[in-house]
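Kindly generate the complete structure, drawing on both the sequences and the hints.
There are 2 protein chains.
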Amino acid sequence: MLATVIHGERDVRLEEVPDPVLSTGGDAIVRVVAACVCGSDLWPYRGVTPTKEPHRIGHEFVGIVEATGSDVSTVKVGDFVIAPFYDCDGTCVNCRNGVSTSCLNGGWWGAEDQLGGFADGAQGERVRVPHADGTLVATPSVPSDELVPSLLTLADVMGTGHHAAVSAGVEPGSTVVVVGDGAVGLCAILASKRLGASRIVAMSRHADRQAVAREFGATDIIEARGDEGVAAVKALFDGVGADYVLECVGTQESMDQAIRSARPGGMVGYVGVPNGGAELPIRTLFGTNVGVNGGVASVRSYVEELLPEVLSRQINPGRVFDLQLPLAEVAEAYAAMDERRAIKVLLRP
Amino acid sequence: MLATVIHGERDVRLEEVPDPVLSTGGDAIVRVVAACVCGSDLWPYRGVTPTKEPHRIGHEFVGIVEATGSDVSTVKVGDFVIAPFYDCDGTCVNCRNGVSTSCLNGGWWGAEDQLGGFADGAQGERVRVPHADGTLVATPSVPSDELVPSLLTLADVMGTGHHAAVSAGVEPGSTVVVVGDGAVGLCAILASKRLGASRIVAMSRHADRQAVAREFGATDIIEARGDEGVAAVKALFDGVGADYVLECVGTQESMDQAIRSARPGGMVGYVGVPNGGAELPIRTLFGTNVGVNGGVASVRSYVEELLPEVLSRQINPGRVFDLQLPLAEVAEAYAAMDERRAIKVLLRP
Chain A
7 MLATVIHGER DVRLEEVPDP VLSTGGDAIV RVVAACVCGS DLWPYRGVTP TKEPHRIGHE
67 FVGIVEATGS DVSTVKVGDF VIAPFYDCDG TCVNCRNGVS TSCLNGGWWG AEDQLGGFAD
127 GAQGERVRVP HADGTLVATP SVPSDELVPS LLTLADVMGT GHHAAVSAGV EPGSTVVVVG
187 DGAVGLCAIL ASKRLGASRI VAMSRHADRQ AVAREFGATD IIEARGDEGV AAVKALFDGV
247 GADYVLECVG TQESMDQAIR SARPGGMVGY VGVPNGGAEL PIRTLFGTNV GVNGGVASVR
307 SYVEELLPEV LSRQINPGRV FDLQLPLAEV AEAYAAMDER RAIKVLLRP
Chain B
7 MLATVIHGER DVRLEEVPDP VLSTGGDAIV RVVAACVCGS DLWPYRGVTP TKEPHRIGHE
67 FVGIVEATGS DVSTVKVGDF VIAPFYDCDG TCVNCRNGVS TSCLNGGWWG AEDQLGGFAD
127 GAQGERVRVP HADGTLVATP SVPSDELVPS LLTLADVMGT GHHAAVSAGV EPGSTVVVVG
187 DGAVGLCAIL ASKRLGASRI VAMSRHADRQ AVAREFGATD IIEARGDEGV AAVKALFDGV
247 GADYVLECVG TQESMDQAIR SARPGGMVGY VGVPNGGAEL PIRTLFGTNV GVNGGVASVR
307 SYVEELLPEV LSRQINPGRV FDLQLPLAEV AEAYAAMDER RAIKVLLRP
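As given, the protein sequences belong to chains A and B, one line each in that order. The working numbering puts the first sequence at residues 7 to 355. The working numbering puts the second sequence at residues 7 to 355.
Rather than coming from a laboratory, the hints here were simulated on the basis of the structure. Be aware that a few hints might be false.
To be verified - Okay, derived cross-link-like pairs now, SDA-like style, lysine to any residue, Cα gap no bigger than 20 Å in a straight line:
{"id": "1", "chain 1": "A", "residue 1": "K240", "chain 2": "B", "residue 2": "T97"}
{"id": "2", "chain 1": "B", "residue 1": "K199", "chain 2": "B", "residue 2": "Q320"}
{"id": "3", "chain 1": "B", "residue 1": "K240", "chain 2": "A", "residue 2": "K240"}
As the list claims (entries may be wrong) - Some chain B residues near chain A, calculated using beta-carbon distances under 7 Å:
{"id": "4", "residue": "V99"}
{"id": "5", "residue": "N103"}
{"id": "6", "residue": "S108"}
{"id": "7", "residue": "D244"}
{"id": "8", "residue": "P280"}
{"id": "9", "residue": "G297"}
{"id": "10", "residue": "G301"}
For every residue, glycine included, the Cβ atom is placed at its ideal position computed from N, Cα and C.
The following block contains the structure:
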């Protein structure tokens with residue numbers, strides 16, 4: 007089959023790779039209907055994290071089950087399924103605690119699983135899914151094609167934006183600032199709106215992203231950054247800052263912006279993968295009682311909550327995809343995101 | 007009047023100082039019935055934070071109102087009052103948000119207030135209280151003497167232990183580890199018990215403190231620290247750690263212990279004043295979804311909740327005082343705490 011392999015900086019190629027095969031009783035083979043490129047895929051693409059040897063890439067996909075191991079009971083051949091950006095058994099103590107990204111038996115796409123099998127990267131034609139029962143969620147029926155983009159966001163960005171909001175504790179009537187206007191930041195706006203925030207500020211300098219932010223529920227847009235951005239936030243909120251700030255970038259600059267935008271006693275929910283040496287200024291946090299909560303989003307744990315609203319069209323997070331390309335053009339998909347010509351690119355094998 | 011002045015390392019003296027005088031309409035003069043020495047007073051006492059010039063010290067007291075400014079309406083001459091370890095107006099946006107330690111008009115004992123008056127240190131005979139209405143809480147009647155120690159803990163340590171538990175989110179049925187067996191740590195155990203924790207681990211190596219910990223609700227004691235301590239905690243909780251960990255020390259070592267003792271998705275509530283360069287390991291926090299929340303405890307905001315249980319003897323946080331001395335022996339009070347001969351010392355002018 008064909009799958010994407012990253013070879014180094016700005017070098018991703020669609021290549022012939024071995025077809026996946028079932029190897030444990032609990033696995034499944036899924037034919038990919040749609041995959042996409044993640045902001046975090048850009049770190050190796052840009053060479054920020056070096057690629058030591060070529061490897062499969064991509065961790066977001068939806069598809070149709072083609073085969074299942076003999077122990078699989080929750081999905082069957084022909085089901086349309088959503089996969090989170092990791093695999094998990096759904097039964098260990100961490101999964102039961104809702105932190106399925108810390109599954110004791112789980113793993114990541116494009117890597118060997120803990121039983122020695124291989125979990126394919128998502129930017130390909132097929133994926134072998136370890137722990138199919140714990141990992142995959144089947145929709146009640148095969149959805150219409152126009153729902154695919156929104157369903158695909160449940161694999162990562164919508165669940166991750168939701169995790170930022172939930173980790174911060176966004177509640178009805180609260181005020182929220184979202185730092186980061188990528189797909190995750192935009193989804194964090196949508197998540198905050200769903201959770202009842204009364205005022206949502208998008209920190210964004212890009213007209214196209216501001217438009218989506220408004221559609222998703224942003225009530226205010228702030229283009230300024232740094233001291234000026236913090237001052238603009240405080241001016242909106244009694245001079246002290248917002249109740250909750252959602253950090254969806256992962257740089258030192260964005261984390262500082264987030265912490266300084268929270269009011270005393272506020273909370274930063276963060277989901278930006280800490281890139282480089284992002285540090286938390288503990289004395290500032292202590293003095294202002296600003297908390298920091300978040301991490302690798304346990305998106306699998308959120309699918310049941312978010313899926314009905316996608317299926318009923320109450321929310322349309324798929325709006326973050328502003329470019330669709332055939333899988334054959336995966337290199338162009340990366341380039342478009344790298345050059346900010348697209349917010350997020352959907353790929354169809 | 008007499009009040010305590012710190013001159014430098016291991017040099018605290020009771021000295022004659024000017025009597026406090028009312029200087030704004032909103033202030034009050036309180037005759038101190040009981041004060042005490044705080045773990046944080048030991049930082050300057052030990053020279054860890056240098057004393058550049060002699061200054062008043064002490065920030066925990068209860069007493070009787072002797073005089074009030076013309077604008078004061080919530081307390082009157084003769085009232086027995088509890089003062090938090092800071093003054094606050096009770097009306098600014100941060101006070102309304104429950105974060106009275108960030109009061110826009112507040113200040114600290116032993117320092118000038120924002121209107122240019124002086125707020126005396128608590129380890130003395132009398133204290134001028136700026137913002138008497140926002141700061142002081144009167145008990146319904148003058149309490150019996152044996153209640154004084156527990157009432158005094160509402161000025162700091164009980165409220166601070168409660169803040170650790172509330173910041174972490176301790177809830178009925180949850181599991182808690184408390185790092186630190188000083189007065190605040192012990193009160194954090196009591197607070198967790200009140201909030202319904204089903205299992206509470208005290209990290210303690212001192213038999214006297216272990217005994218109080220048990221009285222306050224600890225179900226388990228762990229003496230080990232570092233890797234061994236973390237392993238012992240994990241062994242108690244499904245191999246993954248506790249739901250909530252309360253950090254009540256403020257060193258890098260104690261914060262590391264706390265973070266590593268929390269299960270994935272858990273929360274560290276911290277109230278130990280960060281001493282030196284305590285850092286938060288953001289990549290570990292991100293990977294495990296362990297959050298960190300807390301800071302300078304807004305104890306004034308908790309008095310109304312905790313006071314009835316003290317008055318009805320449901321809780322007896324005053325148990326942390328294992329030595330009472332006359333104010334004249336303040337130097338011995340510091341020495342006893344410094345040398346760990348006492349958990350916490352109560353002073354009576």
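Structure-based check of each hint:
no., hint, result
1, K240(A) / T97(B), "holds, 19 Å"
2, K199(B) / Q320(B), "holds, 12 Å"
3, K240(B) / K240(A), "violated, 42 Å"
4, V99, "holds, 4 Å"
5, N103, "holds, 5 Å"
6, S108, "holds, 4 Å"
7, D244, "holds, 4 Å"
8, P280, "holds, 5 Å"
9, G297, "holds, 3 Å"
10, G301, "holds, 4 Å"
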